[in-house]
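Assemble the whole structure, with the sequences as input and the hints as a guide.
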Amino acid sequence: MSLSASDLLTLTREGLYCPLGGFHVDPTWPVPRALITHGHADHARAGHGRVLATGETLRIMAVRYGADFCESRQEAPLGQEIRIGDVSVRFAPAGHVLGSAQIAIEAQGVRVVVSGDYKRAYDPTCLPFEVVPCDVFITEATFGLPVFRMPDTRDEVRKLLDSVALFPERAHIVGAYALGKAQRVMALLREAGYDRPIYLHGAMEKLTELYKREGIPLGETPKVVAAERARLHGAIVLCPPSSIQDVWSRKFPDPVTSFASGWMRVRARARQKGVELPLCISDHSDWPDLCRTILETGAGEVWVTHGQEDALVHWCGTQGIAAKPLHLLGYGDDGEAEPVAAPEEAA
Amino acid sequence: MNDFAHLLDRLAYEPRRNAKLRLLQDYFAHAPDPERGYALAAMTGGLTFREAKPAMIRGLVEARVDPVLFGLSHNYVGDLAETTALIWPAPAASAGEPVVGPGHNNPPPHVPTLAEVVETLGTVKKADLPARIAEWLDALDETGRWALLKLITGALRVGVSARLAKTAIGALGGHEADAVEEVWHGLEPPYATLFAWVEGRAERPATLNPAPFRPPMLSHPIDEEGDFEKLDPAAFSGEWKWDGIRVQLVGGRDEAGAQVARIYSRTGEDISGAFPDLAEAITFSGAVDGELLILREGRVQSFNVLQQRLNRKAVTPKLLEEFPAHVRAYDLMQAEGEDLRPLPFTERRARLEAFVAALDHARIDLSPLVPFASWEDLAAARADPAAVGAGADADAIEGIMLKSRDSAYLPGRPKGPWWKWKREPFRVDTVMMYAQRGHGKRSSFYSDYTFGVWRDREDGTPELVPVGKAYHGFTDAELAKLDRYVRNNTTKRFGPVREVAYGLDHGLVLEIAFEGVQRSTRHKSGVAMRFPRVARIRWDKPAAEADRIEALETILARGEREIAPGETLKEAEA
Numbered sequence: 041m042s043l044s045a046s047d048l049l050t051l052t053r054e055g056l057y058c059p060l061g062g063f064h065v066d067p068t069w070p071v072p073r074a075l076i077t078h079g080h081a082d083h084a085r086a087g088h089g090r091v092l093a094t095g096e097t098l099r100i101m102a103v104r105y106g107a108d109f110c111e112s113r114q115e116a117p118l119g120q121e122i123r124i125g126d127v128s129v130r131f132a133p134a135g136h137v138l139g140s141a142q143i144a145i146e147a148q149g150v151r152v153v154v155s156g157d158y159k160r161a162y163d164p165t166c167l168p169f170e171v172v173p174c175d176v177f178i179t180e181a182t183f184g185l186p187v188f189r190m191p192d193t194r195d196e197v198r199k200l201l202d203s204v205a206l207f208p209e210r211a212h213i214v215g216a217y218a219l220g221k222a223q224r225v226m227a228l229l230r231e232a233g234y235d236r237p238i239y240l241h242g243a244m245e246k247l248t249e250l251y252k253r254e255g256i257p258l259g260e261t262p263k264v265v266a267a268e269r270a271r272l273h274g275a276i277v278l279c280p281p282s283s284i285q286d287v288w289s290r291k292f293p294d295p296v297t298s299f300a301s302g303w304m305r306v307r308a309r310a311r312q313k314g315v316e317l318p319l320c321i322s323d324h325s326d327w328p329d330l331c332r333t334i335l336e337t338g339a340g341e342v343w344v345t346h347g348q349e350d351a352l353v354h355w356c357g358t359q360g361i362a363a364k365p366l367h368l369l370g371y372g373d374d375g376e377a378e379p380v381a382a383p384e385e386a387a
Numbered sequence: 007m008n009d010f011a012h013l014l015d016r017l018a019y020e021p022r023r024n025a026k027l028r029l030l031q032d033y034f035a036h037a038p039d040p041e042r043g044y045a046l047a048a049m050t051g052g053l054t055f056r057e058a059k060p061a062m063i064r065g066l067v068e069a070r071v072d073p074v075l076f077g078l079s080h081n082y083v084g085d086l087a088e089t090t091a092l093i094w095p096a097p098a099a100s101a102g103e104p105v106v107g108p109g110h111n112n113p114p115p116h117v118p119t120l121a122e123v124v125e126t127l128g129t130v131k132k133a134d135l136p137a138r139i140a141e142w143l144d145a146l147d148e149t150g151r152w153a154l155l156k157l158i159t160g161a162l163r164v165g166v167s168a169r170l171a172k173t174a175i176g177a178l179g180g181h182e183a184d185a186v187e188e189v190w191h192g193l194e195p196p197y198a199t200l201f202a203w204v205e206g207r208a209e210r211p212a213t214l215n216p217a218p219f220r221p222p223m224l225s226h227p228i229d230e231e232g233d234f235e236k237l238d239p240a241a242f243s244g245e246w247k248w249d250g251i252r253v254q255l256v257g258g259r260d261e262a263g264a265q266v267a268r269i270y271s272r273t274g275e276d277i278s279g280a281f282p283d284l285a286e287a288i289t290f291s292g293a294v295d296g297e298l299l300i301l302r303e304g305r306v307q308s309f310n311v312l313q314q315r316l317n318r319k320a321v322t323p324k325l326l327e328e329f330p331a332h333v334r335a336y337d338l339m340q341a342e343g344e345d346l347r348p349l350p351f352t353e354r355r356a357r358l359e360a361f362v363a364a365l366d367h368a369r370i371d372l373s374p375l376v377p378f379a380s381w382e383d384l385a386a387a388r389a390d391p392a393a394v395g396a397g398a399d400a401d402a403i404e405g406i407m408l409k410s411r412d413s414a415y416l417p418g419r420p421k422g423p424w425w426k427w428k429r430e431p432f433r434v435d436t437v438m439m440y441a442q443r444g445h446g447k448r449s450s451f452y453s454d455y456t457f458g459v460w461r462d463r464e465d466g467t468p469e470l471v472p473v474g475k476a477y478h479g480f481t482d483a484e485l486a487k488l489d490r491y492v493r494n495n496t497t498k499r500f501g502p503v504r505e506v507a508y509g510l511d512h513g514l515v516l517e518i519a520f521e522g523v524q525r526s527t528r529h530k531s532g533v534a535m536r537f538p539r540v541a542r543i544r545w546d547k548p549a550a551e552a553d554r555i556e557a558l559e560t561i562l563a564r565g566e567r568e569i570a571p572g573e574t575l576k577e578a579e580a
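So the protein sequences, as listed, match chains A and B. Plus 40 on top of the position in the first sequence (first one is 1) and you've got the working numbering. Plus 6 on top of the position in the second sequence (first one is 1) and you've got the working numbering.
Incorrect hints may appear among the rest.
[Stated by the list, open to error] One-sided excerpt, in silico: chain A residues whose CB lies under 10 Å from chain B: (1) Tyr-162; (2) Lys-199; (3) Leu-201; (4) Val-204; (5) Pro-293; (6) Arg-305; (7) Ala-310; (8) Leu-317; (9) Ile-361; (10) Lys-364.
What the hints contain is simulated information worked out from the structure, not anything from laboratory work. Don't be surprised by glycine CBs; every beta carbon is placed ideally from N, CA and C.
Structure (structure tokens):
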């Protein structure tokens with residue numbers, strides 16, 4: 041190989057940069073040219089010059105940031121090679137949220153795959169992850185500890201429905217990230233046979249409508265009307281995680297506080313958030329899937345972007361795979377979000 | 007076992023009493039015998055078996071999981087049982103084999119029932135224990151493993167009192183918890199006859215509990231501003247409020263005519279086993295309500311001393327000798343089969359005085375009345391109990407109890423008949439050091455504050471050392487201001503905790519009110535406050551003028567002015 045992987049991708053203040061192609065991947069600052077893996081706010085930011093992403097991701101960004109979120113945009117069809125400068129890039133499904141993709145970057149026979157965030161578990165709202173063989177695999181490690189083995193999502197949804205059956209007079213307030221997790225929970229509830237309306241916090245409405253427009257059936261999902269909260273006995277209500285303990289959620293009848301997140305695997309995390317009904321539903325790979333995916337790509341080298349990188353780097357070592365943490369800043373949903381409203385406004 | 011585990015899992019997250027009750031009832035109504043009986047025993051402390059040691063559990067995991075990965079995981083999760091439950095590999099995967107579904111050659115692992123676990127733990131040889139535990143861990147799911155490990159390491163804490171579990175059992179058949187208490191004594195795990203009775207399949211178990219628990223009557227704090235003017239001093243009787251633990255001494259005879267003696271905590275836990283010295287004194291038939299205290303040379307010792315006895319697990323002859331337990335009686339609920347609770351207080355008091363006199367036991371004495379003619383008299387007694395007859399016991403008095411002379415003994419906390427009027431709290435000026443988000447309706451606010459006082463480093467320069475944590479005492483408007491202060495003055499974040507700016511030049515002074523000081527090995531400062539709360543927010547006061555650790559040490563020394571075990575009164579005073 042005349043070219044090394046670090047010639048193909050380097051680390052700049054804005055994030056991962058491909059000098060041969062003149063573009064960044066998921067930059068955390070505005071750049072002239074950006075390739076975006078998926079629509080979560082820490083990966084997809086507004087204000088770039090040219091943006092290349094899947095059609096779904098571009099439409100998600102338009103919903104979040106307005107139609108003028110960048111100067112020009114180009115849709116990347118999955119599986120199709122696109123020439124940029126001296127490299128070719130190809131988008132492949134990542135299974136994380138609607139439109140999420142890995143980006144394979146190739147030049148002179150060397151291929152690097154930036155996986156973005158990804159998962160292998162079942163998700164009726166997006167295409168399943170595709171293994172792309174490569175020389176260097178760039179992986180997240182949000183749940184990069186062997187304690188994170190996610191259970192079957194059907195059992196978790198069953199837990200929620202059992203609780204609704206046991207406490208039919210109480211509203212069940214389920215915190216879920218507004219993009220991806222919320223719609224996945226809705227779809228899983230529908231698959232489990234739940235056909236009553238699923239009520240939505242206002243912050244989830246637009247993205248849920250977008251999912252429906254993209255052809256994902258989610259059933260009846262009315263927005264919560266503030267004045268009617270006290271009457272929603274036995275309802276399932278989805279809201280952003282920051283709202284589950286808000287004054288907003290206290291107006292429902294004797295609410296059961298629930299949270300759909302991989303973090304709920306750890307009791308202390310659930311308790312810190314005051315969650316009474318933790319639902320272990322993750323849009324990230326759990327530990328076995330991180331390990332399995334690294335092996336399946338056949339990569340000889342692994343770079344770890346964000347999360348619990350120590351354990352994954354250690355594990356790669358035990359498998360004879362060279363690995364290093366990138367210590368990328370600005371990614372991950374680990375950080376505790378600030379309350380939606382300042383306390384004095386919320387009170 | 008998995009159903010029981012899932013019940014424990016839900017209970018562990020559920021803060022509401024009524025919801026816990028529903029979860030318990032739902033479980034007891036659906037779980038089979040004897041599984042539910044052992045579950046009941048596990049929650050009421052009725053199981054005895056050889057406990058597993060954490061080191062053994064660790065050994066089992068490290069034989070199956072890379073110790074580096076286990077160490078990183080344990081650090082992250084922070085709980086051995088939980089880390090083990092989550093990381094335990096599926097049996098096939100641990101052998102490096104792909105996971106295969108159950109077939110002829112792969113029978114599904116046998117999931118143990120709770121009954122099997124309990125029965126095995128009671129009989130297994132010590133050397134065989136690790137292998138059995140490993141088999142169970144292989145067969146159970148994560149929640150099952152977590153519950154099993156909590157159970158066998160003796161750390162099953164899910165916020166269910168014995169009383170609550172009995173309430174749920176009673177509710178299965180429309181009975182009150184008291185009805186369950188009455189039959190409880192004669193029953194053993196797995197309580198088949200109890201379930202048969204509450205489900206209407208059999209008669210009430212024959213053996214009635216000759217010494218049942220009765221829910222105690224509790225008081226409301228009095229509001230000095232408004233309550234006294236509405237109350238007539240002549241309608242009330244005054245007593246000291248002792249700083250011990252509320253107990254019930256209950257004696258009776260079983261069908262064979264043998265004496266049964268029970269000591270119950272105020273939540274109905276049977277604590278007789280921890281106080282054999284006191285149980286011996288229950289030679290009567292009746293139920294006495296009173297305060298458990300440590301007396302040396304006839305003097306009531308402080309709560310610090312009592313706590314030293316409560317903290318010891320093993321009840322040794324030395325412990326009994328050094329920390330003799332007594333009860334200061336203040337009510338008589340039942341005597342010789344007669345329920346006295348409907349009688350007015352004055353009549354019960356007369357019966358109690360006669361009862362204690364007739365009993366004539368050194369371990370049980372009468373809580374004296376505090377005479378007063380006006381609220382001013384009572385205020386004087388509260389301010390200086392030593393001068394009004396409490397003598398040297400004054401340091402063990404935490405205030406005054408007021409009991410309406412004509413009130414019946416009512417379980418629970420009825421408003422009106424009983425009032426408590428605590429002594430003026432201690433006060434100290436501290437500096438806010440850390441803040442944490444609250445719970446429930448305060449969950450979006452930084453409402454729990456860790457505060458410190460000044461002390462000198464070895465080089466003589468001053469530093470703040472944390473001495474306690476407070477999360478109430480302020481209004482909602484003050485909370486909003488405190489929350490904004492925390493957000494605007496954050497210097498570091500640790501998960502849900504923020505460190506705020508503090509030092510000689512900056513920092514927020516919180517005036518903390520508290521009831522006393524104890525020694526603490528958990529706090530770096532070596533002291534811990536009892537019931538600290540924010541009395542005032544001193545926006546005006548410079549942090550450098552906050553109090554020093556010596557202020558707390560002085561109070562601690564006062565509380566510790568005890569008679570050492572074995573020392574005579576004379577030696578102590580010399």
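The hints, checked one at a time:
no. : hint    : verdict
1   : Tyr-162 : violated, 17 Å
2   : Lys-199 : holds, 9 Å
3   : Leu-201 : violated, 14 Å
4   : Val-204 : violated, 13 Å
5   : Pro-293 : violated, 13 Å
6   : Arg-305 : holds, 7 Å
7   : Ala-310 : holds, 7 Å
8   : Leu-317 : holds, 7 Å
9   : Ile-361 : violated, 15 Å
10  : Lys-364 : violated, 17 Å
Hint check: violations occur at hints 1, 3, 4, 5, 9 and 10; the rest are consistent with the structure.
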